[in-house]
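Modelling step: build the complete structure from the supplied sequences, incorporating the hints.
Chains A and B, in that order, are what the protein sequence lines are.
Each residue of the first sequence is one higher than the one before, starting from 1 at the first, in the working numbering.
Each residue of the second sequence is one higher than the one before, starting from 431 at the first, in the working numbering.
Please note that the accuracy of each hint is not assured.
Subject to a maximum C-alpha distance of 16 Å in a straight line, what follows is the list of computed EDC-like cross-link-like pairs (lysine to aspartate or glutamate) [to be verified]:
(1) B/K591 <-> A/E39
(2) A/K48 <-> A/E73
(3) B/K511 <-> A/D38
(4) B/K591 <-> A/D195
(5) B/K511 <-> A/E73
(6) B/K591 <-> A/D9
Keep in mind the hints are simulated off the structure, nothing from the lab.
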Amino acid sequence: MSSDFFIPDPEGTVPSVEGYFGAYGGKFIPEALVAAVDEVAVEYDKAKTDPAFAAELNELMVNYTGRPSSLTEVSRFAGHAGGARIFLKREDLNHTGSHKINNVLGQALLTKRMGKTRVIAETGAGQHGVATATACALFGLECTIYMGEIDTQRQALNVARMRMLGAEVVAVKSGSRTLKDAINEAFRDWVANVDRTHYLFGTVAGPHPFPAMVRDFHRVIGVEARRQILERTGRLPDAAVACVGGGSNAIGLFHAFIPDTDVRLVGCEPAGHGIETGEHAATLSAGEPGILHGSRSYVLQDEEGQITEPYSISAGLDYPGIGPEHAYLKDSGRGEYRAVTDDAAMQALLLLSRTEGIIPAIESAHALAGALELGKELGKDGLILVNLSGRGDKDMDTAARYFGLYDTDAAVEADASAADGAAEIQRDTK
Amino acid sequence: MSGNIQLLADTLERAKSEDRAALIAYLPAGFPTVDGGIDAVKAVIAGGADVVEIGLPHSDPVLDGPVIQTADGIALRGGVKIADVMRTVRVAHEETGPGPGHDVLEPIDRYGVERFTAELAEAGGAGCILPDLPVQESALWREHAEKHGLATVFVVAPSSKDERLATITAAGSGFVYAASLMGVTGTRESVGAQAQDLVRRTRATTGLPVCVGLGVSNAVQAKEVAVFADGVIVGSAFVQRLLDAPDAAAGLDAVRALAGELAEGVRRDRANN
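Written out as structure tokens, the structure reads:
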């Protein structure tokens with residue numbers, strides 16, 4: 001078992017054959033894509049039970065990605081969480097710096113099996129784009145990444161990384177110029193080039209089989225973390241916490257714990273400037289059932305079904321949809337979803353950096369902020385597992401501006417209250 | 431058959447009896463404004479369109495290219511509502527025969543299938559084209575569409591396998607929308623042999639009329655397609671004329687003229703065949 005890192009859901013009852021998690025999921029796509037999506041489903045079904053596929057993926061996960069990832073107890077950080085113990089699952093230590101590589105390697109192998117030579121992908125923060133460009137370099141595949149124009153600006157470092165790896169990066173100028181529009185553009189490319197192109201979808205949304213397949217490639221996160229925390233503490237955590245944009249790192253952490261009904265599964269959504277301001281991307285907290293990007297799930301939409309523009313300081317969470325399995329977990333009550341504001345996430349980012357020497361991605365900082373809250377609720381006997389889905393290098397520009405860390409005008413212009421908050425944490429932790 | 435679906439069938443049949451393909455024009459409702467869009471519908475009908483497909487603008491039109499996406503964006507920023515779409519359908523219906531809607535399922539799903547089909551039928555709509563509704567997800571929609579005498583027009587693509595074509599055409603009504611190529615909406619230099627092959631394979635499974643869309647922008651292409659299809663669907667070329675026009679009147683003249691050229695094009699000139 002310890003050498004297996006590709007661990008598809010062994011006996012899951014969802015999704016159904018048609019790709020439904022309860023009322024959510026399905027396959028709402030143009031006819032021109034039906035053959036391609038069906039081909040992915042058929043090929044994945046074959047690969048799932050092919051020992052040669054598992055062996056190749058396992059070898060990559062050990063020797064290329066660096067699995068298993070560590071489990072780190074963060075006691076100085078936890079000192080700010082009511083005394084609960086907090087452990088971080090260190091997906092930030094994977095090659096390329098986030099959990100995204102787990103899914104990308106699996107789908108890249110699948111691309112080769114299907115005999116396709118070109119890969120396209122969408123990216124928000126650039127973590128999935130970088131991981132995809134990496135796998136394409138490794139396997140000699142042509143690579144085009146679609147990224148909203150706004151995101152190419154706020155994540156310029158990742159754009160450079162993708163280009164360094166040989167990928168073409170297309171800045172998408174339509175719509176809100178963020179992740180949702182990058183996905184629209186990638187679908188358009190796929191329709192036109194489907195013969196030789198695989199759409200390496202980056203999260204647990206989209207048409208069946210993507211939600212289930214991407215989940216399977218990330219299941220390793222929870223399987224490892226469950227084993228590791230049992231070894232270290234002798235018990236299961238009270239809560240497993242993860243940030244939720246499309247939901248891939250969260251489902252990866254949660255899935256192995258679903259049968260453990262005493263373990264709360266807590267997803268932290270981006271509340272942006274606050275749900276009441278309308279400037280947020282908290283799809284499960286503030287959205288309602290609808291259809292977006294090929295499946296039925298919760299979406300942010302107006303009364304006539306038009307998608308409303310999401311907002312989050314985190315480019316990776318700035319999405320008006322959510323994977324259908326999360327919608328299913330929410331409705332069934334097995335999953336809990338709470339909203340975390342930009343400010344709370346940024347304070348948690350600073351706190352982890354200053355107390356533990358770990359700079360998290362802004363995405364993951366939403367989960368850390370949720371853990372601080374939960375810790376106070378659980379008290380000193382609490383045990384919390386947090387998925388640290390990515391590292392924060394890519395976010396340094398955003399964070400430096402937010403906290404006023406540059407020796408330039410930016411520091412002067414930085415939000416005074418943010419700087420106050422930073423000073424407070426510094427005092428607090430000395 | 432009952433309801434407006436019969437009007438659609440009659441219109442396509444009439445074109446056939448005149449030895450020509452039907453001209454189906456696509457225009458998004460609310461573009462450039464709601465009233466301007468209604469005027470454009472009247473103009474293409476005056477120019478010779480047999481059927482007008484009214485688009486329901488959406489924030490995320492995945493199957494549409496940049497031209498229609500731009501028009502949808504203008505319509506949405508102008509505040510177009512589903513009620514305005516219905517008003518546009520009503521005008522199309524009163525001016526000529528049928529005006530089926532061309533919609534993505536996303537907004538309808540939120541609005542409610544029951545309410546949407548009832549209002550569309552009441553406005554005189556003949557049916558719906560739902561490009562992101564695959565046949566296997568269509569049972570609920572078809573149930574309500576049938577109840578209100580509306581056609582459910584499915585899209586078939588060059589990638590559709592024969593067995594799947596049979597499933598799709600068995601579930602569809604009104605006509606079959608054959609996508610001429612693998613891609614999104616927009617004008618193209620040429621409409622390839624893929625379209626003819628797809629129409630041939632589609633006809634092998636159904637007696638429904640087969641109309642071809644995607645990429646047709648001028649009379650020469652319309653003539654090529656009319657040789658093997660029952661209808662020629664043109665959208666982006668009309669929208670482009672409206673986008674390029676210096677003012678509203680010039681835009682209406684331009685789409686009327688284009689409809690006229692295309693209506694000539696869809697006549698089969700047997701001497702040349």
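Q.
Run the distance test for B/K511 versus A/E73: straight-line Cα separation, threshold 16 Å.
A. Outside the cut-off at roughly 53 Å; violated.
Q.
Holds or violated: B/K591 and A/D195, Cα atoms, limit 16 Å.
A. holds (14 Å)
(Q) Against the 16 Å threshold, does the CA-CA distance of B/K591 and A/D9 hold or violate the hint? (A) violated (31 Å)
Q: Could you grab the alpha-carbon distance between B/K591 and A/E39 and see if it respects the 16 Å cut-off?
A: holds (12 Å)
Q. Is the straight-line distance between the alpha-carbon of B/K511 and that of A/D38 16 Å or less?
A. violated (35 Å)
Q | Restraint status (C-alpha distance of A/K48 to A/E73 at most 16 Å) | A | violated (34 Å)
Comparing the model with each earlier hint shows violations of hints 2, 3, 5, 6; every other hint is respected.
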